[in-house]
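Q: Sequence:
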Amino acid sequence: MGTTQRSAPVVVVAVGGRGQGLGALRFAIDEARARGTGVRMAHVLDRDDTGQIMDPYMTEACVAAPDVEFHWRFRRGPLADELVAAAGAGDLLVLGQTTPWSPERPGVSAVITEVAARTVAALVVVPADWRARHHHRIVVGVKSCANAGGLLARAFAEAFARGAALEIVHVCDTADPAAVARVDVRPGDRHGSEVRSLETLVRDWSDVFPGVAVETSFAHGQPARILIDAATGADLLMIARHQRDLRHLARLGPVPRAVLGASDVPVEVVPLTGAPTPAPLVLTRSGTILKN
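Residue numbers (the numbering used here): 1 to 292.
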């Protein structure tokens with residue numbers, strides 16, 4: 001395993017002994033290959049930690065990836081603080097669930113929740129037993145069209161890089177959890193306005209990434225359950241996190257928490273900046289502005 005210094009963004013993965021983070025390490029290696037970058041292994045030591053750094057299975061995963069450069073970062077301190085510090089703004093931080101997900105025991109650790117609420121880097125939480133399957137399909141959960149630009153920018157770029165199709169799901173809360181149906185678009189209706197706004201956003205970003213196949217759906221129901229079901233068989237589920245401000249100092253909303261605790265596919269939490277993110281200009285061959 002090589003050790004070099006580089007300033008380019010890398011994939012940062014939290015590792016530990018006793019098999020913790022094996023799925024996350026596999027995901028990090030897969031991402032590093034796709035990005036042409038390295039993997040930074042972040043190991044936060046307990047105060048009296050004298051145990052093994054990685055178990056044999058994780059070591060084997062590294063040895064089986066001679067084309068990937070591995071870097072080490074050892075720290076002592078509060079786990080969430082050190083993991084947030086380990087990733088820069090341009091890096092991708094990968095965390096693993098410590099136990100395989102099951103319907104009987106859904107849940108997400110307090111550390112993952114805190115890191116997801118605080119980090120400025122994109123974060124992916126990976127099931128403990130994850131292995132690459134490459135279905136070439138990404139699902140994106142959109143809550144509000146007003147803040148969807150940054151999420152869609154990230155989602156389209158990721159789909160383009162992976163050669164994946166994009167499925168965008170906009171879910172509206174309803175008092176009846178079983179009422180999952182397509183939103184009826186009526187003139188003057190608030191949901192209808194959201195539908196039209198999202199369709200316009202998706203169309204604009206599709207013009208920027210014409211090679212990305214995209215499908216948009218609208219549903220009523222429990223957002224977390226609908227997103228988890230929609231992501232069955234996907235490579236990645238992408239959701240957004242509010243920008244940190246006076247209303248959201250360091251908080252992860254109930255829907256992201258529920259998704260992180262019950263998804264059996266990797267979940268990327270995209271931090272929003274609060275700034276509008278319109279699709280860039282697209283020019284035709286004649287130089288005419290297609291989208292503004």
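Hints should not be assumed to be uniformly reliable.
[Claimed, not checked] FRET-style restraints, in silico, Cβ to Cβ:
| # | residue 1 | residue 2 | range |
| --- | --- | --- | --- |
| 1 | S197 | G253 | 19 to 25 Å |
| 2 | S193 | H134 | 33 to 39 Å |
| 3 | F74 | S217 | 41 to 47 Å |
| 4 | P254 | H135 | 25 to 31 Å |
| 5 | G163 | G253 | 30 to 36 Å |
| 6 | A275 | A61 | 16 to 22 Å |
| 7 | G88 | P66 | 39 to 45 Å |
| 8 | A275 | T200 | 17 to 23 Å |
Read the hints as simulated data drawn from the structure, not as lab findings. Where is the CB? At the ideal position from N, CA and C, for every residue including glycine.
Q: Each hint: holds or not?
A: Going down the list of hints, with the structure as the test:
Taken as a hint, the range 19 to 25 Å holds for the pair S197 and G253, whose Cβ atoms sit roughly 21 Å apart. Against the hinted window of 33 to 39 Å, the Cβ-Cβ separation of S193 and H134 comes to about 37 Å, which satisfies the hint. Taking the beta carbon of each, F74 and S217 are about 45 Å apart, inside 41 to 47 Å as hinted. For the pair P254 and H135, the supplied restraint of 25 to 31 Å holds, since their beta-carbon distance comes to about 28 Å.
Between G163 and G253 the beta carbons are some 31 Å apart, a value that agrees with the proposed interval 30 to 36 Å. Between A275 and A61 the Cβ separation comes to about 38 Å, which falls outside the hinted range of 16 to 22 Å. For the hinted restraint 39 to 45 Å between G88 and P66, the CB-CB distance of approximately 26 Å leaves it violated. Look at A275 against T200: about 19 Å separates their beta carbons, and that is inside 17 to 23 Å.
Comparing the model with each earlier hint shows violations of hints 6 and 7; every other hint is respected.
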